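Engineer: Fit the two chains together into the complex; they arrive one by one in their own frames, and the hints show the way.
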Amino acid sequence: MEQIAYASLTIVIGVGGCVAYFLTSNLALDALFPPRGPHAGANINRANAIRPWLFLFPAIFMLGLYLLYPAVYSGILSLMDSGGETFVGLDNYAFLARDAKFQESLRNNLLWLVVVPAAATLFGLLAAALTDRLKWGATAQSLIFMPMAISFVGAAVIWKFIYDYRGEGQEQIGVLNALWVALGGEPQAWVTIPFWNNFFLMAILIWIQTGFAMVILSAALKGIPEETIEAAIIDGATPLQVFLKIKVPQIWGTIAVVWTTITVLVLKIFDIVFAMTNGQWGTQVLANYMYDWMFRGTPDFGRGSAIVMVIVALVIPIMIWNIRNARKEMR
Amino acid sequence: MEGIAGTRARLVWAINLSVIALVLLWTVPTFGLLVSSFRDKDQLAVSGWWTSLTASEQSGFVRTAAPVEAQRNEGGEWVIDGTLLPEGGGRITGFGTSSRSPDAFAPGAAAELRDGGMLRVAEDGSYRITAAAPFEATRGIRIFYTAVEPPRFTTDNYREVLTSEGMGRAFLNTFTVTIPATIIPILIAAFAAYALAWMEFPGRALLIAAVVGLLVVPLQVAFIPLLRLHNEIGIGKGYLGIWLAHTGFGLPLAIFLLRNYIAGLPREIIESARVDGATDFEIFRRIILPLSFPALASFAIFQFLWVWNDLLVAKVFLGAGDNQMVMTGRIVELLGSRGGNWEILTASAFISILVPLIVFFAMQKYLVRGLLAGSVKGG
Chain A
105 MEQIAYASLT
115 IVIGVGGCVA
125 YFLTSNLALD
135 ALFPPRGPHA
145 GANINRANAI
155 RPWLFLFPAI
165 FMLGLYLLYP
175 AVYSGILSLM
185 DSGGETFVGL
195 DNYAFLARDA
205 KFQESLRNNL
215 LWLVVVPAAA
225 TLFGLLAAAL
235 TDRLKWGATA
245 QSLIFMPMAI
255 SFVGAAVIWK
265 FIYDYRGEGQ
275 EQIGVLNALW
285 VALGGEPQAW
295 VTIPFWNNFF
305 LMAILIWIQT
315 GFAMVILSAA
325 LKGIPEETIE
335 AAIIDGATPL
345 QVFLKIKVPQ
355 IWGTIAVVWT
365 TITVLVLKIF
375 DIVFAMTNGQ
385 WGTQVLANYM
395 YDWMFRGTPD
405 FGRGSAIVMV
415 IVALVIPIMI
425 WNIRNARKEM
435 R
Chain B
5 MEGIAGTRAR
15 LVWAINLSVI
25 ALVLLWTVPT
35 FGLLVSSFRD
45 KDQLAVSGWW
55 TSLTASEQSG
65 FVRTAAPVEA
75 QRNEGGEWVI
85 DGTLLPEGGG
95 RITGFGTSSR
105 SPDAFAPGAA
115 AELRDGGMLR
125 VAEDGSYRIT
135 AAAPFEATRG
145 IRIFYTAVEP
155 PRFTTDNYRE
165 VLTSEGMGRA
175 FLNTFTVTIP
185 ATIIPILIAA
195 FAAYALAWME
205 FPGRALLIAA
215 VVGLLVVPLQ
225 VAFIPLLRLH
235 NEIGIGKGYL
245 GIWLAHTGFG
255 LPLAIFLLRN
265 YIAGLPREII
275 ESARVDGATD
285 FEIFRRIILP
295 LSFPALASFA
305 IFQFLWVWND
315 LLVAKVFLGA
325 GDNQMVMTGR
335 IVELLGSRGG
345 NWEILTASAF
355 ISILVPLIVF
365 FAMQKYLVRG
375 LLAGSVKGG
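Here the protein sequences line up with chains A and B, keeping their order.
Quick note, our numbering runs 104 ahead of the 1-based positions in the first sequence.
Quick note, our numbering runs 4 ahead of the 1-based positions in the second sequence.
Calculated from the structure, these hints are not laboratory results.
Treat the hints with care, as some may be off.
Heads up, simulated EDC-like pairs for lysine to aspartate or glutamate below, C-alpha to C-alpha not over 20 Å straight-line [stated by the list, open to error]: (1) A:K326 x A:D236; (2) B:K319 x A:D396; (3) B:K319 x B:E337; (4) B:K319 x A:D236; (5) B:K241 x A:E106.
Keep in mind it's a predicted model, so treat the numbers as computed, not measured.
Chain B on its own, in the form it takes in the complex (with noise of 0.2 Å):
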């Protein structure tokens, strides 16, 4: 089928091309992400991402020290100094004392103070401020400055998120929720599973229609109800409430993956199992658990990533307390509270994907072997 031969080169060609400029648009967003969560706030937040490997320009003020006690005198001249700028940071390409004009001196350079004093300011950022007589001013002297200088990066960001901003223990909350939500259905889910494949009962069909029916039903029309229901039998909003709610919602999925799965398993290992005498209950346990552990798996993995990721239920079936609150809703606080703060926002987002992006790279075997059997042959 590689025929035609001339064009077929630029065909190649036009392929690669393609191809990878699709995986730039599919994987540049999160990169940008990733990148931006480990640079230096301030940097961040005057300066796109794609340029963080190279210096940039910044502008920006020191404010020295109450001029009466930092003052010193040194043979009959009194004498400020101090740096502008943290150690090994950059490069001083202006500076002034107004905020109108940061870059009026080149380094070097001497300028006049209002209040009296003359101020220099040396490439690398160190100032000195003279005067014949002392000074008086009880307010710092106000030094502006136009820098060039080198990228920073640093993980303070992620250490601010995890602790001031509550994520850490959104994480743990996350954590809390999912992993029962992702056991617990399986088990109930299998059995079904196996019921609805090998054994033979009237009204199998109309179960099995309405597992698929309900695949597709919003979560939407279960929030009032249950919530209701919850508050009525005692759970209220809590963990037991949304462990409960995610067995529920994924079951479904869960039954029809794995009947699929189980269905397809060959009907000679289980007659023959009868035939010896093996009980459902034995057949299931020796023969098919262990079969269906590709389908297990993928299951696990679809409910692992959608109650990780999940927000609605959530915000629905949980309170809103530092002790429940999970990532995702974190996250959306801070989209309000902390609109600007990008440092924030990018090491929060980034904490709250990396373990789904784990488990994605780790089992993307069983995820799309589970995404086939539930597409396409089912429906």
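The shape of chain A in the complex, shown without the other chains (with noise of 0.2 Å):
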């Protein structure tokens, strides 16, 4: 219960004091350039060109603060030693390029990249496709989406149960072991088997992010001229012509944004890797690596800042994608 009030405590001074910065500010501002008397014109240029100003600093100041100022402090950090103390070059750098662990979840990384944004954009595309002209459509969309709402750890838990192994001749109360067999197969430890237990681990990041990618898809599907459609049916193309010559065409740019949206995602994977395996039997990955050099056993800074910058270098293509896409909208 203190926690509660607490809790309530912060809201209300947090929320209380964004409010009285802003009016206290504001006020100030015009008490000080007052917009009337012999100076009005000028007082009011001057006041305009600072409030902007006003109305921007508590969020340039947290994000300065929260997340530009420890980009750049990272930066420096994958430079020095464990401890952050002494200067060491590219070390760390030179430390992963040789490392087994660090391989394997760069390669990881890289699969899970390819995988994961093809199979949610594709089953997305699928089901906004299909629920396009139906009459349950949008009930159909709701539970498709259900899984966004899910956090990665609880679907861990959901997937992991039908993962569950129990030995030859045991019942079965995993599903796809069940199902497995029952089709005449040997019951499998899935997730620990090397190299095919990455795919059940993307399985689930699929399952969660196909309703993102259908949701938009299925707006952006909404959006497509009739008349486009129409002129393609008179002249005798199938539904699936339709399909893949008039409608996906129309849709790449919508489609391009969903891909790199789940490719961002992909690539600081953790909860799912961290709660399914802990990276054992092969399924290490770049956010769960840094995890495990920066807090577990002997914290070693320098090289988990090392493995952040490689995810922050793979992030950097998208970021500069994104901002010549936003800068071209304004236009």
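Structural biologist: This is the structure in structure tokens:
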């Protein structure tokens, strides 16, 4: 209860503080440059030059302190030793280049990068196209979209239960093994099978992200001008041709946006691997490996930060692409 | 466009069936979790949840009370009796006196015990051991049985995880983290978004580009520098630190979503208010905030789901004690320590996803709108 009171108090102080800041700073500005009297015009201009920065100050402060400054600091840390004291140049990166576990993480991340965005976008497109003209399409969409609300950890429990393994002869309580045995296979401990277990983990993220892809692609499909579709049908196109040759080309832009959004998510994937295997059996990924270096055993901030910088480097092309798109949008 | 008459009916069928298959694939996993969390833990451990509505066959054993104390004399015969099954709990299909053959005898038959005496088990589970001489053993006699049991559903799993496994406290902690971390960034972002959308000043385009760029910065960069910062200014690990962290991490998306929305509001409203002599602060408070409600709601849902479901930020910025452990962290711990106890895991997981699911289904409209504003328009 004490804790709830503490949280409530913080909300009141936080929100009240924000309101008080904006209110008093604006009033102070008006008092300093009153928009009346002999210099009214000049005062208004001066106040208008300052006011945007009053509005922006808290946001810029928080973004700077909580994202920009740490990003630079991490870059510097990646050039330091384990305690962050002595400069060691590129030693950490050289270490990673030779480190087998890092190579495994990088390889797995690239595998995730190829499979998950492609599969989620494809399933999302399929679901969007199929539910498009269906009477119960909205209900179906909302059910496929639902995993989006479930945490990665919750999803990990759900799927670990599906992959559950019991020795041969015992009754299987995991769906996958039960189906597998019913089809005549021997029960498998799915998440421990090297290489293929990566795909069993990816299935979880695909399951979560398909709904996201579907919702956005569905809106894009609805935005396609009817005339183009009608013209194609009059010309004798089959439904499949209409979809592949008329609809899909018109939503390439949206497909690219969905793809890159999921790609960014995949680069940072942590929770699923952490909860399912913790990187054992050849499933390590960059974010989890970084966590190992930073917070397990004897922390090594240098190597941990170097792994973070690798993730940042992988994200940067997408960042540039996003910024360019946003600027095009604004013009 | 519904041309091509002959194939149409078949096509409609195919579409309906494929959508049904997709929906099943996407809902059954969660449904299995829900069903399992309400099953009796002994049944859950030996049979799949999809069999939970039918009776299941189970083997087990019961140890009677110590014969020297439990026996009584009935007409010159020494007797011990009792029942193997809980009340209303199914039907015995066989019993035995050793673990190797729990169904050696059919119900109603008599089995001879090693230490002397005869054991009879009826179909309803009641047993009776008789002997001519008094029993001398001080350890109970084990009776093995095989029984068909009706499905048993229970809320015991939930009671257990909420109390002894600490999920109740963790639920409260998650709430404590989530609410301030959702509300505080909204106000900060709304002012900034208004400035970026409707105020003229040098460097505006650069700031917008910076916000778009920061959208994809991996949070991992922030951990070590911020932990050091928090330690230096005396916040350390705790709620204040994680509220600030989530506020900072949530701001790019908040500013981006709100700016897109606010920039799309009709110019005339804002210009005419300016002509009437309203200051920017008044315009913001009286016009922008009320009109932006849908965008504010969208962001609030995003941030709520994100903070509620987060594991990594909580692991880094909160302590590991009971008073700060959030649900995701607790579940990961249970996955390690109670890996095989599916009744604990399923119930815990369901408690943690219940609130997000309610928010999701209640506010889906705003969530979809926010996704579209965030992805289709911008980048």
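Engineer: Does A:D236 lie within 20 Å of B:K319 when you go C-alpha to C-alpha?
Structural biologist: The given pair, whose Cα atoms are some 41 Å apart, is violated under the 20 Å limit.
Engineer: With the threshold set at 20 Å, check whether the alpha-carbon distance from B:K319 to A:D396 stays at or below it.
Structural biologist: holds (13 Å)
Engineer: Are the Cα atoms of B:K319 and B:E337 separated by 20 Å or less?
Structural biologist: holds (11 Å)
Engineer: Against the 20 Å threshold, does the CA-CA distance of B:K241 and A:E106 hold or violate the hint?
Structural biologist: holds (18 Å)
Engineer: Between the alpha carbons of A:K326 and A:D236, is the straight-line distance 20 Å or under?
Structural biologist: holds (8 Å)
Hint check: a violation occurs at hint 4 only; the rest are consistent with the structure.
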